[in-house]
Amino acid sequence: MLSRKWVAAVAVGALMVAGQALAADKKVVAVSIPAADHGWTAGVVYHAQAAAKEINAAFPDVEVVVKTSPSAADQVSALEDLSASRKLDALVILPYTSEELTQPVKAIKDMGTFITVVDRGLTDASIQDLYLAGDNIAVGANTAKFMIDKLGGKGDIVVLRGIPTVIDDERIKGFQDTIKGTGIKVLDIQYAHWNSDEAFKLMQDYLAKYPHIDAVWANDDDMLLGVLEAVKQSGRTDIKLALGGNGMKDIVKKVIDGDAVTPVETPYPPAMIKTAIYMTVANLIGQAPVRGHVKLDAPLITQANAKEYYFPDSPF
Amino acid sequence: MTALSQSVPASGARQYRFSWADAGPFLALAALLALGFLVNPDFLSETNLANVITRSAYVAIIAVGATFVISSGGLDLSVGSMVAFIAGITIMFMNMMAPSLGVWAIPAGMAIAVVTGLLCGLANGLVVTVGRIEPFIATLGTMGIFRALITYMTNGGTIPIDRSLREAYRPVYFGTLAGIPIPILISAAVAALGAFVLYKTKYGRKCAAVGANEDVARYSGISVVSTRTIAYVIQGACVAIAAICYVPRLGAATPTTGQLWELQVITAVVIGGTALRGGKGRIWGTIAGAVILELIANLMVLSDFVSEYLVAAVQGVIIIIAMLVQRFSK
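Top to bottom, those sequences are chains A and B.
Counting in the working numbering, the first sequence runs from 79 upward without gaps.
Counting in the working numbering, the second sequence runs from 3 upward without gaps.
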């Protein structure tokens with residue numbers, strides 16, 4: 079009786095030790111991203127969770143943990159929590175703000191963790207092992223190139239810009255530098271704060287102010303939705319093009335369907351978080367060298383390649 | 003008590019006496035229209051004015067409710083988030099009902115919107131009155147709650163309305179009746195009803211009395227708790243009506259829907275001549291205030307003087323000048 083109990087105890091103990099060893103062997107990849115508070119960040123959360131699920135299923139030795147935070151302060155706390163209980167092999171982070179997150183990320187780096195920074199850089203670039211971002215200048219420039227081409231080098235256009243930030247400035251700069259010297263004339267440019275309602279109002283006002291508009295560029299798809307509603311209401315037919323940017327699924331769907339006014343789209347894809355997670359894991363598991371700067375281009379999404387950028391299940 | 007005893011006999015006499023203070027917001031509106039015409043003659047075109055007044059309808063409708071809350075001595079910061087929350091619930095309900103009810107899902111959804119609005123208003127009211135929490139803090143709390151709920155419901159993205167309902171529902175924002183856009187008619191009806199309740203009923207008098215002096219009102223046998231709670235419920239109903247008009251415009255609710263509308267609403271109410279400390283409500287002034295705010299934004303785009311970077315500063319200056327004109331015209 080006694081010996082049988084002993085055998086059972088030893089067996090259970092052995093199992094527990096083995097389980098511990100197994101867990102310890104797992105490489106832990108923490109992913110820290112902003113919580114979903116608008117379309118684009120909602121897309122980031124969706125793609126990060128999708129990547130975690132796929133990788134955890136494909137590689138039993140890897141555990142990807144996704145943590146979302148509603149503010150910069152929360153993200154700092156989240157980093158502390160993630161790193162307090164176990165050693166992180168890698169951290170993939172899309173920082174809320176550069177300044178506030180730099181020191182906390184450095185503290186984790188000092189523990190020997192591989193650091194991947196996505197989209198927004200830290201103030202000290204030496205902290206990151208891998209940096210991956212999109213190209214906001216290309217978003218503006220590629221849209222402008224298409225517009226010049228389609229309008230035959232001349233036309234009157236109006237522009238809606240977002241919230242005064244580096245992202246907005248870069249998109250506008252890319253656009254304006256590209257149309258410089260062509261016959262494209264920007265009649266008006268105003269802020270609509272990346273908000274559909276404000277864009278709707280602003281477009282109504284543009285339509286009231288200018289009897290003839292050849293094309294509209296809203297530097298984000300949320301705003302484009304408002305623009306399209308205002309144009310539809312006015313019944314005006316002079317607007318030949320209404321373009322956006324970012325890769326929202328509703329707009330990509332329009333491109334797939336061959337919409338005449340919105341035939342193309344430029345991506346600043348939230349799915350870049352997925353690229354970053356996969357590359358980080360490739361380094362951990364496959365010893366693939368990934369250190370460096372990766373800049374995703376913003377190729378024009380047309381009817382031919384739109385499927386690649388279409389995620390019907392994503393909230394964005 | 004002063005407000006109560008003065009306003010009863012004065013209401014008959016007021017019709018014969020021209021009050022500059024009451025006319026203030028309308029004078030400001032007229033001045034703005036004249037200024038707009040000088041800046042750009044297109045400003046007074048029928049299409050432009052119809053557009054601007056139509057889109058001021060949301061803020062105007064919500065501000066009618068806010069006139070009750072503010073004149074009774076309260077404040078509601080949650081209205082912007084509440085619009086988004088109610089719009090989200092309404093769209094989800096309509097989409098759920100669309101397969102079985104068809105187009106009838108739209109009136110059913112509207113009913114749900116009103117019920118949700120009443121409940122949200124009641125919740126705000128009870129926290130403020132029974133819970134005895136400062137209105138600023140209580141509604142700041144519910145503002146966060148409603149905003150988080152709509153973000154949760156949308157997963158941070160958008161809830162679009164079912165395609166089968168989209169076209170049928172569109173006329174509620176874009177349609178006209180006898181040439182007048184429907185949102186304008188709805189806000190006029192809400193304002194007329196609000197004016198009747200505030201000026202002609204016992205409840206309206208109680209509202210002003212509670213706002214003017216809570217203690218005196220209590221000693222006069224007025225229930226401060228029920229008067230204030232009802233004001234928040236009225237506010238909830240107004241937000242629901244605004245949400246009903248909002249959904250057909252873009253056909254979706256997002257986490258950024260109605261952001262900062264609470265500030266526009268409070269500004270409209272104050273421009274309209276309602277005292278922020280309570281005791282005095284001006285429904286028609288509130289409507290004028292809402293239109294003024296929207297006209298200023300419109301004017302900024304139609305004029306070429308103001309750099310895109312300075313628009314908000316010029317808007318602020320115009321609002322302050324409008325308030326000063328009112329102050330010194332007394």
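It should be emphasised that the hints constitute simulated quantities derived from the structure, not laboratory data.
One thing to keep in mind: the hints can contain errors.
[To be verified] Under the rule of at most 20 Å between Cα atoms (straight-line distance), these lysine to any residue pairs were calculated in the SDA-like manner:
id, chain 1, residue 1, chain 2, residue 2
1, A, K287, B, A52
2, A, K287, B, P43
3, A, K145, B, A100
4, A, K373, A, D202
5, A, K187, A, L166
6, A, K331, A, E386
7, A, K310, B, Y154
8, A, K145, B, T178
9, A, K310, B, T178
10, A, K287, B, S305
11, A, K187, A, Y209
12, A, K310, B, R172
[Unchecked claim] Which residues of chain B face chain A? A partial, calculated answer using Cβ under 10 Å:
id, residue
13, V174
14, F176
15, N215
16, E296
17, F307
18, Y311
For each residue, glycine too, the CB sits at the ideal point set by N, CA and C.
Quick rundown of the hints versus the structure:
no.	hint	result
1	K287(A) with A52(B)	14 Å, holds
2	K287(A) with P43(B)	10 Å, holds
3	K145(A) with A100(B)	36 Å, violated
4	K373(A) with D202(A)	18 Å, holds
5	K187(A) with L166(A)	10 Å, holds
6	K331(A) with E386(A)	11 Å, holds
7	K310(A) with Y154(B)	31 Å, violated
8	K145(A) with T178(B)	49 Å, violated
9	K310(A) with T178(B)	16 Å, holds
10	K287(A) with S305(B)	9 Å, holds
11	K187(A) with Y209(A)	14 Å, holds
12	K310(A) with R172(B)	12 Å, holds
13	V174	13 Å, violated
14	F176	6 Å, holds
15	N215	39 Å, violated
16	E296	8 Å, holds
17	F307	13 Å, violated
18	Y311	8 Å, holds
The structure fails hints 3, 7, 8, 13, 15, 17 (numbered hints given earlier, in ascending order).
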